[in-house]
Amino acid sequence: MSVQTAARTAVPAATPAHAVVLKEVSKVYGRGHHAVLALDRLNLTVEPGEFVCLVGASGCGKSTLLNIVSGLDSASAGTIDTGGAAPALMFQEPALFPWRSVAANVELALKLRGVKRAERRARARELLAVVHLTEFAERQPHELSGGMRQRVALARTLAMDSPVLLMDEPFGALDAMTRDILHDELERIWRERKLTVIFVTHNVREAARLGDRIVLLSSRPGRAVAEFPVDQPRPRRIDSPEIATLAASVTDRLKEEVRRHGR
Amino acid sequence: MAVDLPSRTAEEIAGLDALDLDAGRDQTRLEKIWANAWPKLAAIGIALTIWQLVVWSGWKDSWVLPGPAPVFEEMLRRATTGGDFWSSILTTGRRAVVGFAFATVLGLLLGLAVARSRILRAAIGSFITGLQTMPSIAWFPLAIVLFKLSESAMFFVVVLGAAPSIANGVISGVDFVSPVLVRAGRNLGARGLELYRYVIGPASLPAIVAGLKQGWAFAWRSLMAGELLVFIAERPAIGANLQHARDESDMPWMLSTMIVILVLGILVDSLFNVANNRIRRRWGLADGNH
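If you're matching them up, the sequences are chains A and B in order.
Residue numbers for the first sequence follow my numbering, beginning at 1 and rising by one.
Residue numbers for the second sequence follow my numbering, beginning at 264 and rising by one.
Label-pair ranges, simulated between beta-carbon atoms:
1) A:Arg-125 with B:Pro-398: 52 to 60 Å
2) B:Glu-274 with A:Val-36: 44 to 52 Å
3) A:Asp-231 with B:Ser-380: 49 to 57 Å
Quick caveat, the hints were computed from the structure, so don't treat them as lab data.
Idealized CB from N, CA, C, for every residue including glycine.
Based on the sequences and whatever the hints tell you, model everything.
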């Protein structure tokens, strides 16, 4: 399912230079008078190994966009090319299966990919080691804290072994300290595994802390209206003055976008 | 990149994890059993006391309402002297198990079909709930005309009694599966049957067990009603014994049979409770520390 086309026209394969290419993607919910345009001719190109953060106010269709890129939902118009890879998706909720242990949650992702039983166990251990949860492998999800559960979810997402990782406000429900640490962790994993990440958040500082590039989406309908390259060297601190300055200018542009809806 | 950064982060993570997990004291096994048992024992003691007090009050003659002692003596006598005591339990138990098993298969299939199909739901969804409200005894005239006084008549009513509850359990289970779990499952690559096997099925298990438990209660009631009405020669059964005891005005036998019915019903019900508690503990719903 590398290429989805709403119009079912033939689309040339992505040049290997790009990891994800969205062209003129629109999404309409409902019909007739009740139709809502969630995304409007959105264009986005993400390079391999790039970390792109999407920010926007409510109603900018961030989650809709990730659902479409991941293949859970289909676009009403436009083309999506992920170069043959089914992207892995991580949610704001850990969305762990409560009847499965931590290790079994990760193993299910491997099993659904057809990994052999003997290999699954070892691979799950490796992935849990990546998120520092080896000793909690046999626990049930409810026994862990919110941050730990989200790390299990990250391990499970990595188990899909997809080069493209889509993240839908994954740290939105966590306390600030846990979030800072998970930023460091995610940055390390992204770097080590050479992942391409599309990270959706409404936290502008988080976007400036993590992204190579920040894409600002307008609301109702969602379109890409501005881009901000983040030129700061890594590792960065979310409380550094450079990040704060950049975040302020992104926030100003975002507020302008929000005011447009108040008029 | 600073060389010591990963190890420092790892330490921070380990520290936070340790702080996040609270150390709770576990009850010993004996404490658990006792905490569970004493309220039940106390309740039984109180019920027996009230029964004995009513007998002693002289409200009814002792041959109409015997006290606990003669009833339990009668039960012990029948249980130890061969006779029909155990074969009655076996016959009734077999009917209950066969009927309930069939109702389970029917209920699961029906529930799954209705949960999946919008048209089926519109057509028979509310009809299934309606069936549940129909007293099982009201089916018997029809069952007896259709199947005569036979095993089939009882089987028919037991299945009709239990299957709607089980189907309803499946329907509400599937309905209340968290959408984010389904999305997670689909993103991990589960499609069609896999999605049911690995996500929707397990996620609806608590509601399915609740439906089975309720279905069992209906099955057991339907069967007792059936055995009161349908006698089969040379095949003693618990419900039939109740009727014989009444015909012979053998009150100790009647009351001891009633106690057997109650105890069997409770025993099976507690099996469902064990399953239910296990699921709740596994999911972290049991002790409020999630």
